[in-house]
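Assembling the complex is the task here: the two chains are given apart, and the hints tell you how they should meet.
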Amino acid sequence: QKININETNAPLKKVLSLINQQSGYVFFYESKDIKNKTITISIKDASINETLNKCLKDEQLNYVIIQNTIFINKQENKTSIPAVSPVQAVVLNVTGLVLDEKNLPLPGVTVKLKGSNVGVVTDTQGQFKIDVPNANAVLVFSFVGYATQEEAVVSDKPLTIHMKLDDSKLNEVVVIGYGTIKKSDLTGAVASVQAKDLVTAGSSSVDKALQGKLAGVDVESAGGAPGSGMSILVRGVGTINNTTPLYVVDGMYVSSISNIAPGDIASISVLKDASAAAIYGTRAANGVVLVTTKSGAGNQTSISFDSYYGVQSIQKKLNVLNAQQWGQVDNAMHDNAGVARLPLANRPDSLGPSTNWQNAIYRNAPIQNYELNISGGGKGTTYSVSGGYLNQQGIVDQTGYNRYNLRFKSETKLGILKFGESVILSQENWQNMPGSWGGQGGNPVGAAAKSIPAFQIYDPTAVGGYAGPTGSVINVENPVAQLYLEKSTTRTNSALLNAYGQVDIAKGFYYKINIGYTDYLTHDFDYKPRYQVGSFFSNATNNINTDDNKDDNTLLIENTLNFDRQFGKSHIQALVGYTYQNENYQYNNETAAGLPDGIYQADAATGVTQAFGNASQASLVSQLGRVVYSYDDRYLFTGSVRRDGSSRFGPANRYGVFPSVAAGWNISNEKFFTNSKLASVISLLKLRGSFGILGNQEFGNYQYGAAIASNVNYVTGTGQTLWSGSTQQAYADPDIKWETSKTSDVGAELGFFNNALNLTADYYHKVTSDMLVQVPIPGSAGSTSSPYVNAGSISNNGLELSLSYHGVAHDFSYNVFGTFATNQNKVLSLGSGSEQIIGGYPDLHGEGTTTTQVGGPVGAFYLIKTAGIFQTQAQINAYRDKNGQLIQPNAAPGDIKFVDYNGDGQISDADKQYVGSPNPKFTYGFGYNARYKNFDMSVYFQGTYGNMIYNGFRMDLEGMNVDYNMSTTTLNAWTPTNTNTTMPRAVYGDPNGNDRVSDRFLESGSYLRCKSLQFGYNFKMQAIQSIGIKSLRAYISFDNLFTITNYTGLNPDLGVIAGQNIFSRGVDYSYTAYPLARVSTIGLQLSL
Amino acid sequence: CKKSTLELNNPNQITTATHWKTAADVLSGLAATYNSFVTESQTGLYTVRGVELMNGRGDDFFIRNDVSDLYTLSTFTNTASNGVSGGYWNTCYQGIFSANQVITYAPAIQMDATTKAQEIAEAEFLRGLFYFNLEINFQNVPLRLTIPVTQKDYYIAKSPATAVWAQIVKDFTDAAAALPTSYSAQWVGRATSGAAYAYLAKAYLYQGNYAAAEAAAANIMKGQYSLTANFSDNFDATHENNSESVFEIQLSDVGGTNPWTTGSGENLGTTVAQEFAPSQIGGWFEICPTDTLLSAFMKEKMPSGNYDLRLPATLVWQGETSALGGNTTFYQQPIANFFPGDFSSYHSRLKKYQNFNQANELVGANNTQYSSSNNERVMRYAEVLMIHAEAVTMQGRPQDAYVDVNAIRTRAGLAALPAGYSQTQMMTEIMHQRMIEFAREGDRFYDLVRWNLIQQALTNSDKVGKQYYTTKFNYFPIPQSELDNNPLMVQNPAWGN
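Which chain is which? The protein sequence lines are D and W, in order.
All residue numbers for the first sequence refer to the numbering used here, where the first residue is 33 and numbers rise by one.
All residue numbers for the second sequence refer to the numbering used here, where the first residue is 15 and numbers rise by one.
Hints may contain errors.
What the hints assert, rightly or not - Covered stretches of chain W, going by a simulated chain D footprint (3 or more residues, C-beta under 8 Å): (1) 100 to 108; (2) 439 to 448.
Stated by the list, open to error - Over the 12 Å line for every Cβ pair with chain W, so calculated as not near, a few chain D residues: (3) E133; (4) Y415; (5) K445; (6) N507; (7) S651; (8) R686; (9) L710; (10) F731; (11) G871; (12) Q1046.
For the record, the hints were derived by calculation from the structure and aren't laboratory data.
Even glycine gets a Cβ: it sits at the ideal position worked out from N, Cα and C.
Here chain W stands alone, though its shape is the one from the complex (with noise of 0.2 Å):
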């Protein structure tokens, strides 16, 4: 027979024979690694199931008993078995092999040189995002920073924290060295040298290295970036990538029409909105705010005695009327109309990043289902303000951390702090801050994992399960897939075995 009888090529797709050749490619490559933050199939770092796995297990937010692996990982009952943390670990490791193919690639291939160092530094910095994720979470997690090759290198072994740790510094200070400060309009969005400082301080942060964070801090906090006059100008679709924004995982009702698909049929919005949406507007309320962030936000009002204009920018609760600032409808309905409604022991509903100037969340901008174009502002400079003060602050010189915290406080339409905060009055003014400035934001759980505070702050609150919490539960356990099928791995010892 003729050899060609046999040598049948596949029709529907390249292969790497004939891949990662020209610039071009390393572009796309990297777009496809930007996919493991919004692919709502496979756990998106920052849709659906990211931004509930963020906040779902502080005192701030309430998971209902709807999709079992969350309401588990929100009651601290979760197991290995958990499918949302299974899945979030899975995404960050397809997200580190696209990188790890651009950062191994690119380097052969003939492109401008500008280009390529700075296209192979934005693979550095979204490696270093996923293993900044992986490590807030899972603790202590394999270094992969090549590509297999036979089917040995497919099984590797934990690395410790500090390893992991000296890793995401080292991506995010090479990010920070070679990517742009900005880009033209067609690629705004992408990563800056100004998102790799600001994670750089934030991973600092972390690690409790405070003269280091406020130093990564420092290189942004010259004038590039201005918190923006509206608070809830960071929240919707049509502000996007403005002033405050340092990073942002940008999100539009384009592709296909089906967001939880992968493939030409992938909507690449995100239907985070219709989860935190209430029934009455035929949401699917899977996530609540609970009264003991309400009751935060309420703790100081405006000097005009109107609460802080963060709170009807957040939330809308029941009771919300025009006086002290309140709005009067939400989904152009009265907000009388969702009370007592879905929650009957929870008094507020979220409003942060929802589109609730529309009808419902039923569709999005291209006829398509449940799909928010609204972007996630995941660095805003306002958190850089906050890091650069907790630095400075935990460094002994909360005098240092004014500046950073009147601004704050100053938007949100609340006087100038007091003179004269020791450090822990200041430390204590700037947990409060966080809490309430970034709620919905994705890092309550953790600030209160590396202030400690975790145990204090849910015996204090309203959250359903806390009686189940214990430290165990700081990170999740290693998923029962990765131990099934992985020889090297051993569960973390708080989880057993």
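Bound conformation, chain D alone (with noise of 0.2 Å):
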């Protein structure tokens, strides 16, 4: 070939390219060596040596051709690659046949020459080409999902590679507590997930990443509220009392892990059974939640940094009546009770405009996230450090939540000490939804449905700017005032300082102290202007009502002693150990009134400034030790006991003592199975059993005395000042004792086909008995709240699967998974007097929903049956108790007809029956991950099935019966000439109870929901990597993109509410609740 160029300062690289298209020469270089060089060329019809010898001559770059192939070196390379002639350079021409662990070919697998960018990709038939220098060559082998493979090339006979799966999961250490284990070795549940299967990218909390990730762990919103964390509940309703897992962060323990940005994260394990989680002995009763952040790596710094931006919309909106409609509807419910109707209803022209409400509070809200994380290490010393912040808009407008993070985390070993540390230090910021005025709508959210809509936001002669409800209405707040007036902000600044030092005694055994500490200070701040919204809601002054600081801190001071050795086949792993803790809380608050307009500081006040505090304390001391053996990695065995002496109880039951036992049997790892057909097929198999008590206090300080109330007071006196009262108005049980459970649970782990399908089956038993809990106790015992006792027991026993499969085909490679988790959760006896608790009060003026009782499920759902309208006066007049009496004598054509199941002529709470559980039959999710070439995809879906839900919200918006905003179902309502519906006669008042908490109301609380759905697309040109970007990812993504359900109300994963408890948990108290949004988002991640 005979190569023309003539170029006047132009890049090398141009050049280069210039002679690739005249002569067909392939160049490999590394570039850098190029970058940034440019060269003045003139040549004509030269062969390719001349032209290279120019072009490179100044450049301090060598070359060698093979066969093709064009190699440009840097000069200090020379003796590797000697420049001077190409025929000189061994060349070795490499043929070979990639198979996969099936023995298949296996196509597109990249063979690459180390230590250059020389590399090839299998064809259909697995065979590649490659020609290497020389024959000291070795060629490197990498498939995604496969473990990537080296190969000497020691001659050009045809080599023959068998790819490996990757089967680092077999491998793969799962962090205990206190400690690590080989995952082969464990004999506990223990789900754990690691950061890579954690689809952070746009997750703006770990425990959203978590959800559905785990069989046997109910991630559940705590509300869409932005900030706002999620509740999380092992393996169902362990016990009545109060259902928060144990967290561990890095060795610490933390009230709550929302706080931590999602990209810290390395691992996340739940000990779900006794004999994992019985090391935490009193407080492990509900699981533990062990996270282990981001550390550093070996010699290499690097750099990611992960940023999102995404838009956030309500997911669904109520369906509520338009100014016509309403009038409509409240008209015909006047009408039927016989009153005048509303003169505000009564006058068509008078309802103006129609107010839409819900409109004018939800907004398309931006989210956006940034994380910076560099890590790496040098001699004996690794570190990680993290920066990060997030800011998320909420859809209810004048809502939000932002959040600083900084992290570092290094560990240094030197001789035989080895020490390190974590400190997490966070800002979180909240723009809060303000609660209720006072009035019955509750939070914006209820107002926003239940505000008439001929009423107007806005009224510029008011004080304060806004509009409200006037007249002979219900006093529903004006939403939007609510946000606008009141300024409700929360700011907590979290600190996690963990530090540990550790010294080797001698072989594989070493001392180890731990000291963490927590410190999370909150500040909440509350303040109300002037403002006339209305006739209801006023505010005569500019008030602060609330100005509060808390202070939680723990100190924790763990001792272990640690002992690790293999014996032969033995190997054994123990630990003893000595803990304190000790926890602070000190709370502050002031309250002042009067302030000059914009002046928010209670220096100011004018008018009563008034000041709050309390403060508690608790500690606790505990010895640990455990042991865990394994032979020939076939068998295995894990001993463990904790005592721990706890503050929170008196004297005579201050200490617990909480043992567990387990053993686990690695079938696969025995000879008669490696020998047998079966090996082929199953890869893994392995049965484990265990058996433990654990304990569970958390419930409040100082419970087991009595305590006298102050400022319970009166007044006197002609000058009418006030007489100061004291008084015990509670009681309490001295003898209250640890809550324990004891749960058993037999699992199997099998991989097939190489682990290319792997399944986990776990099945437990756990009975919890003295459960802490507030037994209501009758009103007529005087008591203004009720005891903490030990009361009655509850079991729980249910079947959790995980599956997954990974398959490979070409450069496509997928993996598909799914959890699956039933719970039946049985009362065994309750210490009430009654031997049953209602609970699940749905609305501002609901009867109780729930009735908890022996023999069914915690929460269950009674209540009085419905059968159809009353069609006609006849069929009331016929419907008669054995003595003739109606049984509905208020009822009028149009009004429910409800089963007087217990027979006594009347329709009351007696007449309650069992309607359905507020517990799942099961859980489930789901979720595909594929890649194909630079695209990858995943997707998500997790839902629930057979439970139920009582629709607390409905009952106000279909209930006809007061002067508020309604569904727009009751259109629907029962007239004589509409008989042919289900939805009553509208009427004010409600003689009839039609409103009443009834199966009216309950409805199925099953669902499926896509959470997720990201498209990634992975960047790997040579242009990127030329600026030494490492990789760089774009996505886009969906959170809750879509659900089906039947549910009518918001949304249909409740969650458990603040404030409610645990009989609570399948009522809906949507007017109370943050809606959900759908997020949209496009993120970008980069490593460097």
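Structure follows, in structure tokens:
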């Protein structure tokens, strides 16, 4: 070939490209070697060697020509690749075949010459051809889902490479309490998830990313408010007391994990059974969630930067009446009751333009997140530093959340010493949605649905500028006024500091001290300016309603002696420890009235200022021990015990002992198994079983002593002054003791086809006794609250399955996974006097919807059943008890017929019967991840089946008995001419109690939700790599894309709402909840 | 580990182990017992919910459908789950628990013997009053006279009404014997022996024991008390604890700023006036006088032709002018501004106990929201007179009732009764006078029930929901929460089961 080039100050790269075009030679070079180099060249009909010599002469670059490929190197590499003459280069023409684990050809495998960018890809026959410069060359074979392999080239004999599936999962190390363990040595039920399996991209909090990933771990939203955490329930409702699991982050106990940046997580383990959790003794009964943050690795410094930007929008609004429709239904309501119509509704001209209150408060809200992580290490030291910023505005106007994170973690080894620390700092700021103003709308979410559309939003003449309800209507707040007038913020500064030191005493024997400290400093502020909103809502002066500071800090000191040695085929890991923990809480609050406009500090108050405060302290002193023994990787045994002493109990019952044992058998490591035919299909088979006793002490401090309440005051004297009073207002049980739960667990772990298919199954049975609970006592006992007592017992049993399949075809790999869990919850005995606990009060006026009693689940729905609508007076007159008395004397045609279940001739709470459970028959999640060349996608679904929800909000919106706005379904209310309906007649005052708590408002809570859907693209262009970027990925992501459900409320995923208890689990308080958002995100992940 | 590591004392509250040792503890225990009268977060007996509960079921007041629990009890569609009646029950027993503590612990405390005896008597009076209110509202209730020791003691069964009445009589009798007749200026407002006698008389009246009622009332008709010259002096904040006041709930805008909370933040005023106030001045108009009440007031005029003085002191009405003794302003606005207003079907608004001289009810004296300092006069001397009048009339001596009834009538500007009334005529007069004299003072419904006239009165009235009344509504059902949590409790038969 003759080459002709005439270029002045052209980039070398461009020149090489011209040579390539004219000669057909392919260039290989390191980008950095020719970067920024320009040359001036003018040649005519030159040979390739002449051309290259001219090009590279002044650039300290050498070249080698091997067949059609030209390698360009820096001159210092002279010795390795002589540049003088191409014929002198040792060239091996290597061919080969790559086979998969089933000995089938594997196409698409990258074959690279180690230490260079030279590479080829196997063809559809799994074959490859590559030329290497010399006999010392090493080839690297890599393919997604398979372990990367290296093969030295010794001759030009064809190679056959057997690729093995990436079995790093088998050697995966799982974090357990006070240490780590090889996953194959595990005897307990531990669900763990690694960072790479957590789709943290686009998730605002760690717990959100966890949702549905782990069988038997229910992650429910605690409302959709920005910055609201999630409620995690391990293996169902284990107790009627507090059900929050114990959270441990980098060895330190924390109260919540929602302040941690998702990108900081290296792994999460959930200890589900007694064997795994018993080392945490008293606090482990609800399971333990262990979070480990990222550490630095090796000698290389790596930097990653993740960011995303998204838009959140409301998933669902409630269909409520417009002004004209409201007038129509409201008038019918008054007419049917024989009560004068509201002047407002009676004059159609007064209805004016209709206000859509929901549109007035909901918005599309942006969310953005940035995380930077730098990690690396040097001689003996590794480190990881990260910082993050999240800003999330709420879909409810004026609400929002932002979070700043800073984290530092390092570890240093120095001879027999090892020490390290984790420092996790965060600041979170919430702009809260204000609560009720004392009206019947509740918070703005409730008020937006219930506000009468005939009222206007603004009134420039009113103090504060907002209009509101007037006249003989219900006092529903103007939600826009609530959001704009009241200022409610919370700021939490959290610090987690944990340091440890470790010294080797003898081989495999070391002492470790761990000192942890957490501090949560929270400041709440709530301010209401002067306003007059309609005739019901007024605030005469500018007031600070809350200006409080809370300091909650915990000190932890843990001393452990550890032993870890292999003796022949025996491996022993042992641990003994002594720990001390002390928690201190201090609360101060001030309120101030009469502030000048625009001033927010109490010093300026001209009205009353008040101060409040309280404090509490709790200590826990524990001894613990554990032995993990494995023989030949076949027989496994774990035993552990913890003794806790807690200040929460009186002297008689201060200490509790919590032991556990577990055994496991790796059958697939047995000779008889590996020699059998099964081994070709089943690559892993492990059985395990455990039993243990766990404790629970999560209730208030100082509950064993009865207190005297102060400030139970009265007024006296001609001067009418305060007469301060104090008295005992509640009872206490001095002999209160630990709640204990006995858990048995049997599990199996199976792997098929070289672990392409994995199955884990667990069955558990858990009996919780001496439950610590505030059993309601009758009002006639005269107590203002119920005492904590050890009450009754409860059992939970369930099956958990998790399944995953990893498939590879060509340059396409995918992963399908699913989790499935059942939980049967049964009350064995209850310590209440009546052996039942009523709960689940659904709305402002509702009666209890749930009855918890022996033989049934906690929070079972017991409701009066409905039996259709009375169409005629004759039907009402025919509905009589055995004595001939009318059962529903107040009914009229169009009213609901209720079932007189106990036959006493009256409809009352005594007619309640079992109508369903709030607990799902099963919960499930499944997902699919796939990768094709540079593209990846993941989708994840999650759902529940068989649970019921009491739709408390529908009681209000379909009540048709008071003057606020209603659901559009009320347009179909019964009238003498509209009889084919399930909606009863509209009647003010509701004399028949159509709106009473009944199964009318019970709905199926089953749902299937597309939790997340993500598409990504990995940029692998040389252009990017040439500027030093290791990887760059862009993605779009959707959260809560759609939900398939028959539930008519805002969101079937109720979660446990703050202030409500476990007896209310299936009750929808959506007038207090923050609705869930659909989130669409674009993101970028960059690593250097 | 050291024992002290785990021995942590509650830094916020003292415990029962260190309380009930001194005279001060007894005194503060009494204040706490009185608190059950005024606590608004827990259905205090004589503040918002208590007043609405007492007045809501008669033929004289209508409660609108804003707070459903109030509306249903007012329209006789309430159930056992009614939060207002349930809360009232609980508050009574909380008061009883406090009173029982004083009665139980005081005897062993070293303190002045007279003071001790008086203060135990005071607790007995208060306990009697809680049981009186429980009895007239729920009929058969558990009698709890001691402090529960073990969990088992939380559960006690109902006692028959006779046993409850016997206890009420005993508590009032014991209290009347030991309580002082009056207090120093600092302690004015606490229960006196006069209060105990008055309630003893009332308790006898409810039981139909007229001779005993007459005797009890006679104890305090010896000049200690007298009617105020102005009827309206009994319902404003400037004439509190006056000569007519036998027992008065002390309400003042002191303490914290929030009437609906407990503890140090609790304001000790009442928001009840805000509940009755019309919307034109920012009130919540939850409850409104019926036209039945308005016409009862208009039935008899003064000899001058003007309205009974009690009418313009109790109500403002549509069309009220300065003619015939009417007023022209209400909350500093022309009365005409208030009509037709919120309740287009009713033609009067409540004035009694309202702070109608202010521009509105929004702000109390201490800049506290909605807080009225106006004391509730729960036992006026006028009532003692009327108890006495009824007791003698029912014993067949209507002639002995003239002095009492004429005293009430004279103050109202009405002529003295003509002589020669029969027992029936006198009872009719007493019933009518009680209706208008004590309107909004919480007696009307209970009077009608004990006179067995409730059905008739409702039928003749414009009471909303009167068609749903049956005799079972004479008493509230046992609260559902009590049934749910007390294995020994059964519902009152009229309420099923």
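Outcome of the hint check:
Residues of the segment 100 to 108 of chain W lying with their CB closer than 8 Å to a CB of chain D number 5, which satisfies the three-residue condition for coverage. Under the rule that three or more residues need a Cβ within less than 8 Å of chain D, the assignment of the segment 439 to 448 of chain W is violated, with 0 such residues. No beta-carbon of chain W is positioned within 12 Å of the beta-carbon of E133/D; the least distance is around 56 Å. Its beta-carbon lying about 36 Å from the closest one in chain W, Y415/D satisfies the requirement of being farther than 12 Å from that chain.
Separation of K445/D from chain W is adequate, the least Cβ-Cβ distance of about 33 Å exceeding the 12 Å criterion. Residue placement check: N507/D does not keep its beta carbon more than 12 Å from all beta carbons of chain W (closest about 7 Å). In this structure S651/D is not separated from chain W by more than 12 Å, as the shortest Cβ-Cβ distance comes to only about 5 Å. At roughly 6 Å from the closest C-beta of chain W, the C-beta of R686/D falls inside 12 Å, breaking its exclusion from the interface.
With a least beta-carbon separation of about 53 Å from chain W, L710/D lies farther than 12 Å from that chain, consistent with its non-interface assignment. Distance to chain W confirms F731/D as a non-interface residue, since its nearest Cβ pair spans about 14 Å, more than 12 Å. Here G871/D does not stay apart from chain W, with its beta-carbon only about 10 Å from theirs, under the 12 Å limit. No beta-carbon of chain W comes within 12 Å of the beta-carbon of Q1046/D; the shortest separation is about 47 Å.
Checked against the numbered hints given earlier, the structure breaks hints 2, 6, 7, 8 and 11 and satisfies all the rest.
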